[in-house]
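Peer 1: Sequence:
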Amino acid sequence: MGGRLDSEKEMAVEATQDDIKLYVEARITEDTDLSRLTWEGLDDDPAFMENICNVVIEKAQGMFLLAKMHMDYLAEQHFLGDFRVALGKLPDSREKAFDAALQRIQRQGDFERRVAWHVLSWVAFSVQPVTVDEVRHAFAVERQAGVLNDEYLPSKDLLTSSCAGVVVIDKESGQLRPIHDAVLKRIRESEHLPDDPNRDIATACLAYLSLSNFALSSPSESDISELVQKYPLLRYASKHWLLHLNRVKNADQALETQTLDFLENKACLSVSFRVHNPSSTNEISGLHACAYLGAESLAHSLLERKADLDARTETEQTPLHWTITYRKHEMAKLFLEKGAQANARDGHGNSPLHTLVCSLCDVKDVEGQAVQTDLSSNVRNLIILLVQNGADIDLEDRKGWTSLRRAIVYGKLGLAELLLDHGSDVNRRFEDGWTALGHAAQHGMKPLVLLLLQYKANVDLREGDQGPSPLMKAIRQEHRSVAGLLLDHGADANAIFANKSTPLIRASREAQEWAVWLLLRHGALVDSHDANGLTALSYAVNSGQKSIAWLLCEEGASLGLRDKIDGSTALHYAAERGDVSTAWYLLGKGVLVDAAGFDGIQPLHIAAKHGHAKLIDLFIDHGDDIINQQDKSGLTALHYAVRSKHLECVSLLLEKGADPNAVDGKKATPLHFAAWCEDEEFSQLLLNAKADATIQDDEGRTALHRAVVQGNMSTTWRLAKVKECLDVRDKDGQTALIYAAEKGDELATLCLVNNGANTGIQDAKNWIAQDYAVDKQYSLIVSLLH
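Letter by letter, the sequence shown follows residues 1 to 786 in the UniProt record's numbering.
Since the hints were derived computationally from the structure, they do not count as laboratory data.
One thing to keep in mind: the hints can contain errors.
Mimicking BS3-like on lysine-lysine, the simulated pairs with C-alpha atoms at most 30 Å apart in a straight line are [what the hints assert, rightly or not]:
| id | residue 1 | residue 2 |
| --- | --- | --- |
| 1 | K666 | K564 |
| 2 | K632 | K609 |
| 3 | K632 | K723 |
Computed from a prediction, not measured in an experiment: that's the story for all the values here.
Take the sequences, apply the hints, and build the full model.
Peer 2: Here it is in structure tokens:
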């Protein structure tokens, strides 16, 4: 209710007299002893019951709390005489009631009194509310040592009954709590309180944690969970033993011995840590615990007992690792002074310095994140301390990472600067070939790049012998300002990498105009070529990057250079892409239109092959007598256009004067290639242009032979109308009709016969067309040829 009221408002909750009377009557009715004494009093005084109610109502002053305490006190009486005396002495205030209750506790027997003050000490001095079972176990462990015996656990009723109503059990949580917060002050100020409750609690916690019940070797998560369920005090003791120990007013030798014995018990100590911190490891030593808890005085005491500074946890971490992990500078200093190994490696190959740097580069960080400049004085001092005590600042972990590398990758400027100040090698090439500058350039971290350059980083130190340099990494990742910074500091713009590529060639290939411009401004050689003989201009034209091509040409790129693949020039690449404007620009710059590649192919051939009619027109206009020039296979532009089935280009070439009867190296004409096309328009265009259908290739075949063999009926029908080619025989003496019959092509046979093909011509075997049809039982063709 209080949480729902404004902070400035208060609500008085007061029991009415009727409410208290009902409560008193109910207690008398329900409690056997109270009921008995009341009935005895009624024998002499009929108003005895009424008198009891009136006195309790008067003394309670409208508070159920006091009414309850009064009735609890009256219920403790055994004789009517004592009852009357107690009724007459009921305190009339809350404080007096509390004091009276504490006095009643003192009048109990030794055992009950001891139990009561045990409970009151835990209720009043525990760090957090404690449960009934926690207090029971704390009491039992004081009665014995070594193993917990359930037979020493006090009953729950005893815990509350011995406390004279001052303490109650919360039904929902099972926690012990004072009947009112004000009673805590009375308990803490009581002269009957044990001399130092924190000492008793610390002693109980340490005794509990040292029980052999917890001496397990490498317990699993399920083991820990089972222990917590079975031993209620384990969690509280694990978490708060040191806090109570630190609150002890005057620790004696016995308590110190008990503490150190616990810290030297690896099994029990490891269980305690696993309970307190589930992510913790096993095999924790006392020095590890001191490093985690910051207990420097205990660490001193353990070292006096010859504690092992090289003790290892299950993950192979030493106490020094833990001082670094938990930022305990003074304790790290102590361990190093006592001989701790500054370069000891844990199970992951990390030294204490690695551990510290890794913790700064948290898993929430990402490679290449924004540069961070802050570095706390504590961290700075720890790093200096480690280095001054022999830590190898360039020691690599199992991944081949040094502390400087990790600082650079995760953008820790302040950390990187501190490491460099203390001797970290700025030009160290890591196991995988990377360098610190390479990482900074890769991630575009300009402040870190500048820092490394200030510490004399080699600006051209690359990843391996042929790997990318920092400049190449920056260009590849589009980090423009970093690339400019590297070039301003002397990065080689003409460095040669794998496949003999240069930064300029790569930038042109990847269409990075900004990088091309930047590299040219810093002296990049415009005509450098890679292992394939390709220049930056070749790549620019081939990828259609006109602005880059223009920029390179304006910077003096040689236009006639040929690649080593097939001898192509920039004009060849423009022809392949159909890039009219680039081709026009190159021709205007004096590039030869008839420049041939290694196989004799000219830009005109390529334009025809890829169907770029506008380029065909442009090239013919810029070249004399190039229209019928042949490549080394004897192919002309018309051959290419027909073979690639570009009808518009065929028409244009014929219009411009292309020879329809030009023969290639196999004596094939464009019409032979047209025979392979299903579209009869190709053969019709060529025939209209006076193509000679009787020309035979090196096998003696005409275009009609090829059409029949290919099964192109439309072209066969068109060529069959040329009477002169109907009965032409190839090297084997076969006519087109013989091929049709041998194939079983009924339509081709019918077409050829109807157009007057001679059915009686014999081939080299002295067979006629009908012989083949009979041999293969093509009955319909036999009848057509009969």
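Peer 1: Hints the structure violates: just list their numbers, smallest first.
Peer 2: 3
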